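S.K.: So you can see what is in the structure, the chains are spelled out below.
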Amino acid sequence: MTKVQLVHLAHARSGDKGDTANVGVIAYDEAHYDLLREQLTPEAVKAHFGAMVKGEVERFELPNLGALNFLLHGALGGGGTMSLMNDAQGKVFSTGLLRMEIDVPDDVAASVKGKGRVPQGWSPGA
Amino acid sequence: MTDERVVRIASGQGFWGDDLEAPVRQVEGGPIDYLMLDYLAEVTMSIMQKQRARDPEAGFARDFVPLMERIFPRCIDDGVRVVTNAGGVNPEGCAEALVEAGRRAGVQGKAKVGLVTGDDLMDRLEALIADGHEMKHMETGEPLATIVDQVQSANAYIGAAPIVEALGKGADVIVTGRSTDTALTYGPLIHEFGWATDDHDRIAAGVVAGHINECGAQCTGGNCLIDWWEIPDMANVGFPIVEVSADGTFVVTKHGGTGGRVSRATVAEQIVYEMGDPTDYITPDVVADFTTIHLNDLGDDRVRVHGVKGGPRTDFLKVSIAYSSGWKATGTLTYAWPDAAAKARAADRILRERLDRLGLHFDEIRTELVGWDSTHGPLVGEPPADIPEVQLRVGVRAEDKAAVERFTREIAPLVLTGPPSVTGFAGGRPRVQEIMAYWPALVRREVVEDHLRVEVRDV
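Chains R and U, in that order, give the protein sequences. 1 is the number of the first residue of the first sequence in the working numbering; add one for each residue after it. 127 is the number of the first residue of the second sequence in the working numbering; add one for each residue after it.
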């Protein structure tokens with residue numbers, strides 16, 4: 001097994017409902033969905049975010065999309081216009097979760113190398 | 127005889143402040159049947175309520191009126207009907223301005239405007255509470271009575287029925303208040319296909335189409351994480367169009383010749399946006415199960431959506447209530463190398479000590495270093511000693527407006543009285559903002575539905 005950052009295995013989008021941020025995590029390759037489901041437990045995600053999430057973490061499964069949806073309660077400093085956070089609407093909790101490292105088989109680790117990141121030498125003018 | 131028609135519903139705005147040219151591109155870029163424009167978010171209603179308090183003719187999405195003046199003739203000529211919640215807290219005022227815009231645009235005698243009112247509960251709250259409608263906060267369980275004096279806006283999320291009624295009466299443009307975002311898409315579908323109220327699966331499919339449409343280009347490549355650097359021509363991004371069949375299946379696409387991308391991945395990202403329990407996506411007309419959505423990427427910027435299941439609606443409507451809850455302000459300063467982060471943190475300590483010495487009390491003081499930890503917080507650890515620059519961002523929140531005002535005068539002095547190599551204060555003093563807190567609640571649906579009114583006026 002090798003530790004791999006989630007950003008290489010999945011993409012994600014996040015949003016807000018009051019003081020709760022949601023993060024939807026979608027496997028790049030549906031074959032990796034079970035791997036994500038095993039490792040991205042609510043407990044593991046709660047531990048990853050630490051003090052950033054004051055309440056509980058709930059998880060919902062969407063096997064139809066190869067996706068998991070997490071609700072991070074108490075993550076937005078009161079939410080809406082109450083929050084003093086730069087990310088008051090939880091827009092980038094998505095990539096915050098993609099920083100997480102999970103254990104994957106060595107062959108999977110090798111196959112996803114570089115995935116999810118801008119290719120070397122890329123520029124917006126090219 | 128089977129209904130072979132496909133109804134094309136184009137999305138032109140995902141929020142108040144979205145790309146002003148998008149609805150024009152949708153109307154001019156190819157054939158569509160409906161244009162839906164979603165202007166409302168949780169905080170938008172309270173902003174509009176404040177504007178209306180200052181000016182009784184305000185309180186709606188003002189951008190909508192000049193937009194319609196531009197596209198009204200084309201919409202009428204091509205038979206494109208427009209459905210929008212631009213009415214905000216003043217749909218009546220919005221409809222009046224729209225009629226005038228229509229006359230200026232030369233569609234007098236050729237167009238009808240539909241107006242939906244009755245979602246606004248602001249003037250009814252005391253009576254509703256007296257009648258036993260507690261409108262408890264959906265998370266804390268507290269009754270609304272505890273803060274009813276502070277309420278600035280209260281609107282029920284309403285469903286498709288008034289939109290369907292207005293379309294049935296021949297309205298070309300329909301203006302509502304707090305219509306549920308998704309109803310702007312599935313309302314026209316119920317009108318077109320005559321889906322029965324207990325046809326849960328098809329209406330749920332319409333809800334999914336609405337959810338995909340409601341954030342504009344967020345399903346056509348905008349804010350898309352997957353291979354974002356490869357998505358073409360985002361300067362000319364195409365907004366979504368759903369092509370819906372009578373059985374509720376649909377294809378998500380965009381006009382040819384536009385930028386962006388429609389793929390399984392771009393659509394899936396939008397589906398999970400702002401999602402709660404996916405099996406229980408509640409709308410006024412149906413409860414949709416998002417775990418039944420199936421996507422087929424057909425290529426050429428076309429994704430087919432099928433298999434959606436739904437269940438019966440609930441006896442309640444959600445009410446979006448905003449109430450004033452104190453004041454806040456955020457100040458920023460930029461610190462440069464060397465030791466930029468150390469300087470910013472020292473400045474923060476000095477600032478906090480000064481606020482203390484002034485005897486000011488805040489419910490919260492929050493410090494972030496933009497360029498280091500303002501988005502991912504403690505996940506990123508300590509900044510490198512040679513970080514080129516950071517922006518110190520300090521926010522305060524208090525019931526006492528004077529305390530927040532005084533805070534705004536303590537930022538600039540740090541430039542001459544704090545750590546060195548600091549800049550970025552040219553914007554002036556931070557602005558004091560009133561906090562509008564959000565109070566989600568439920569109310570029995572008949573309380574609202576008995577008051578809904580649909581009116582159709584000639585331009």
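Just so you know, these hints were derived from the structure itself, not from any lab. Take the hints with a grain of salt, since some may be wrong.
Cross-link-like lysine-lysine pairs, in silico, DSSO-like; alpha carbons within 30 Å at most [to be verified]:
(1) Lys435(U) / Lys91(R)
(2) Lys54(R) / Lys238(U)
(3) Lys91(R) / Lys527(U)
(4) Lys435(U) / Lys54(R)
(5) Lys115(R) / Lys46(R)
(6) Lys176(U) / Lys91(R)
(7) Lys46(R) / Lys113(R)
(8) Lys262(U) / Lys46(R)
(9) Lys54(R) / Lys262(U)
(10) Lys91(R) / Lys236(U)
If you anchor each label on the Cβ, the simulated ranges turn out as follows [unchecked claim]:
(11) Glu101(R) / Arg230(U): 51 to 61 Å
(12) Arg37(R) / Asn362(U): 34 to 44 Å
(13) Gly553(U) / Pro119(R): 43 to 53 Å
(14) Gly205(U) / Gly50(R): 49 to 59 Å
(15) Glu147(U) / Thr2(R): 25 to 35 Å
Where chain R lies over chain U, by a calculated footprint (3+ residues, C-beta under 8 Å) [to be verified]:
(16) 280-292
(17) 449-461
No experiment lies behind these values; they were computed from the predicted model shown. All C-beta atoms in this analysis are idealised placements derived from N, C-alpha and C, irrespective of residue type, glycine included.
S.K.: Report the numbers of all earlier hints that the structure fails to satisfy, in ascending order.
M.R.: 2, 4, 10, 13, 15, 16
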